[in-house]
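Novice: Here is what each chain is made of, one letter per residue.
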Amino acid sequence: MSRSESAPPAVLTEGLAHRFGERQALAGLDLIVREKELCVLLGPNGGGKTTLFRILSTLLRPTSGKALVFGHDIEREPDAVRRLIGVVFQSPAVDRQLTVLENLEVQGRLYGLTRSALRRESREMLQRLGLLDRAGDRTGTLSGGLLRRVEIAKGLLHRPRLLLLDEPSTGLDPAARRDLHDLLDQLRSRDGVTVLMTSHLMEEAERSDRLAILSRGRLVALGTPADLKAEIAGEVVVITTPDPEALREGVRRLSGLTASIVDGTVRFEAQDGHALIPRLAEAFADRVTSITVGRPTLLDVFVRRTGHRFLGDGAGGDEGQAA
Amino acid sequence: MRGAVMAVGALARREMVRFFRERTRVVGALLQPVMFWVFFSAGLGASFRPPGGTGPGYAAYLFPGTVVLILLFTAIFSTISVIEDRREGFLQGVLVAPVPRACIVLGKVLGGTALAVSQAVLVLLLAPLAGLRPGPLAIAGAIGVLALIGFALTALSFCIAWRMQSTQGFHAIMTVFLMPLWLLSGSFFPADGAPAWLRALIAADPLTYGVAFLRRLLLSGSGASDAGLPSAGLSLVATLLFGAVTFGCALTLARRADR
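Chains as they are written, first to last, in the working numbering: chain V, 1 to 323; chain U, 1001 to 1259.
Treat the hints with care, since some could be wrong.
[Stated by the list, open to error] Reference listing, derived: stretches of chain U covered by chain V, where coverage requires no fewer than 3 residues with Cβ under 8 Å from a Cβ of chain V:
no., stretch
1, 1004 to 1012
2, 1015 to 1021
3, 1083 to 1093
[Claimed, not checked] Just the calculated beta-carbon pair ranges, DEER-fashion:
no., chain 1, residue 1, chain 2, residue 2, range
4, V, G46, U, R1256, 23 to 33 Å
5, V, G130, U, V1038, 50 to 60 Å
6, U, G1144, V, E124, 40 to 50 Å
7, V, G140, U, V1005, 20 to 30 Å
8, U, V1005, V, E124, 19 to 29 Å
9, V, G171, U, H1171, 29 to 39 Å
10, U, V1121, V, R207, 51 to 61 Å
11, U, I1143, V, S116, 34 to 44 Å
12, U, I1173, V, D185, 41 to 51 Å
[To be verified] Computed from the model, here is a short list of chain V residues facing chain U with C-beta under 8 Å:
no., residue
13, T58
14, D79
15, V87
16, S91
17, V94
18, D95
19, R109
20, Y111
21, K154
22, V220
Read the hints as simulated data drawn from the structure, not as lab findings.
Yeah, the Cβ is synthetic: ideal placement off N, Cα and C, and Gly gets one too.
Chain V on its own, in the form it takes in the complex (with noise of 0.2 Å):
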């Protein structure tokens, strides 16, 4: 990790710690982001992803450690890295009694667009995200996907080199999400943004550059999805059952493996899972409803380097399986 490169990195952490009251949200947090890639914060609520992120974004002082945003200091210049960074809040931060274009205007304002450049800006960003024929309409009148576009529009409005995003895909249907996809992809290839974002998406997570595990406010994982997919030896063998703990009780007095109850569904690594296949089927015909083998996916990283069992809240689960 320790290279000596001329360019400060997008993000560097080091021995970030963040304390509510009694609670760690952040136990020393060592992270590095590179210039241009998409890095993508995954872990379950309360991990640490959201403190993390309000620390990046100014919001939140960290009790100790530092974070540098290419080389400035988040505590000692704050100015200098809010120039930097262009934040997308999970909550659109818009002004629901303003104009989609109002919005814009105040934001420009903000980080000191002259007018002309004001106005050139948000005509790109309008177009860019497909609002220019939205750019009359007041805020509070659009729907959560537009909303969003929106948020990312005034994230986007002053250039900023790195853009954080918190869990952008919420609320989004799949085409949007497909859309914001894309737009990062854009974003990165021709504007040479770095990305950082929270998600609880195995999807969203595959698509990174390199994939940042948080768990009680450890990093618990860092790497590119193939690589962290790698570790695990064999196959993934997954069954859907009525009676998950019976079932895993049963998987353990057959084959010895342990395995993990996921969303309702029993997850275990094999060597040679489809060979384990017929036996599993004879065994428990009457409690099993499917059985299948794959290989490894992300959530199998997750949840042999977290020990959750469960992805968020029961939604995001949801979504994560279907990846």
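Chain V is fixed; fit chain U onto it per the hints.
Specialist: Just chain U now, with coordinates in the frame of chain V:
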């Protein structure tokens, strides 16, 4: 510097746009004090004894206080948006922008002040109905004093709203704290002739001094006595101080690190 001015201007302008888009707020802040003024001067006029025993009737007495009440209501209505901004998330977008906290507070407070003063000036036009005919100089002075009082009240209201989680909580504070602030400012009844404990409360009320200054300006030439009123110099200094302290508090609150 230019950036800071632009940021303050953008935030202040936003306050005004928002305010005028919510017509019920405009009407509420304007109409209620005027209704108070009409009903109270009609109902209490006969039993009112002017300070010092001489001078114009209750309609004239209550007029400066009515204008200040409009400032207060407008200040409250405009700073309630602080709570909405926090709840709806707009505020965090502003907080991550490269803008000093002082500009964020100033934008909000100046926007609220401009609204409050413009509404109050509208009501100032009703002065002849109260039998008052202040000269152009007195009117110009009155607008200046209204700006000072409006600034202080908006900053005070900002301080209250900053930590509030709900607008209901704000309404509670308004009833038990901000309304008495107005009631005890010499707006509604004169300090002259009040019992000593009440006079002490009136003297302690920072709003008393702005109202007194406004009264001197608006009632000049009406034959009103200034019995029981603080001096013009004291009134001005106290009002400036009121604004400085409330703005200082607002700034301190906004600079404090986030939860």
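Novice: Against each hint, give a clear statement of whether it holds in the structure.
Specialist: Hints, verified against the model:
As drawn, the stretch 1004 to 1012 of chain U meets chain V at 5 residues by the rule of a beta-carbon pair under 8 Å; at three or more, the given contact holds. Under the rule that three or more residues need a Cβ within less than 8 Å of chain V, the assignment of the stretch 1015 to 1021 of chain U holds, with 3 such residues. Only when three residues or more bring their CB closer than 8 Å to a CB of chain V does the claim for the stretch 1083 to 1093 of chain U stand; here the count is 7, and the claim holds. Judged by the Cβ atoms, the range 23 to 33 Å given for V:G46 and U:R1256 holds: they are separated by roughly 25 Å.
In this structure, V:G130 and U:V1038 meet the distance hint of 50 to 60 Å, their C-beta atoms being roughly 53 Å apart. For U:G1144 paired with V:E124, a C-beta distance near 45 Å keeps the hint of 40 to 50 Å intact. Taking 20 to 30 Å as the suggested C-beta distance range, the pair V:G140 and U:V1005 conforms, at roughly 29 Å. Between U:V1005 and V:E124 the CB atoms are about 26 Å apart, so this pair conforms to the stated range of 19 to 29 Å.
Checking the proposed 29 to 39 Å range against V:G171 and U:H1171 shows it holds: the Cβ atoms sit about 31 Å from each other. Between U:V1121 and V:R207, the C-beta spacing of about 58 Å keeps the proposed range 51 to 61 Å intact. At roughly 36 Å, the beta-carbon separation of U:I1143 and V:S116 lies within the given 34 to 44 Å, and the hint holds. For the pair U:I1173 and V:D185, the beta carbons lie near 50 Å from each other, so the given range of 41 to 51 Å is met.
Checking V:T58 against chain U: minimum C-beta separation of about 6 Å stays under 8 Å; hint holds. Hint status for V:D79 relative to chain U: holds, with the closest Cβ pair at about 4 Å, below 8 Å. Annotation: V:V87 was flagged as interfacial toward chain U, and the flag holds, the nearest CB pair being 5 Å apart, inside 8 Å. Hint status for V:S91: holds, given a least beta-carbon distance of 4 Å to chain U, under 8 Å.
For V:V94, the interface hint holds, the least distance from its beta-carbon to any beta-carbon of chain U being 6 Å, beneath 8 Å. The beta carbon of V:D95 is positioned within 8 Å of a beta carbon in chain U (closest approach about 5 Å), and the interface hint is therefore held. Given hint, V:R109 at the interface with chain U, holds; its Cβ is 3 Å from that chain's nearest Cβ, closer than 8 Å. With a cut of 8 Å, the hint placing V:Y111 at the interface with chain U holds, because the nearest CB-to-CB distance is about 6 Å.
Checking V:K154 against chain U by beta carbon gives a least distance of about 7 Å; that is within 8 Å, so the hint holds. Annotation: interface hint on V:V220 violated; nearest CB of chain U at approximately 27 Å, more than 8 Å.
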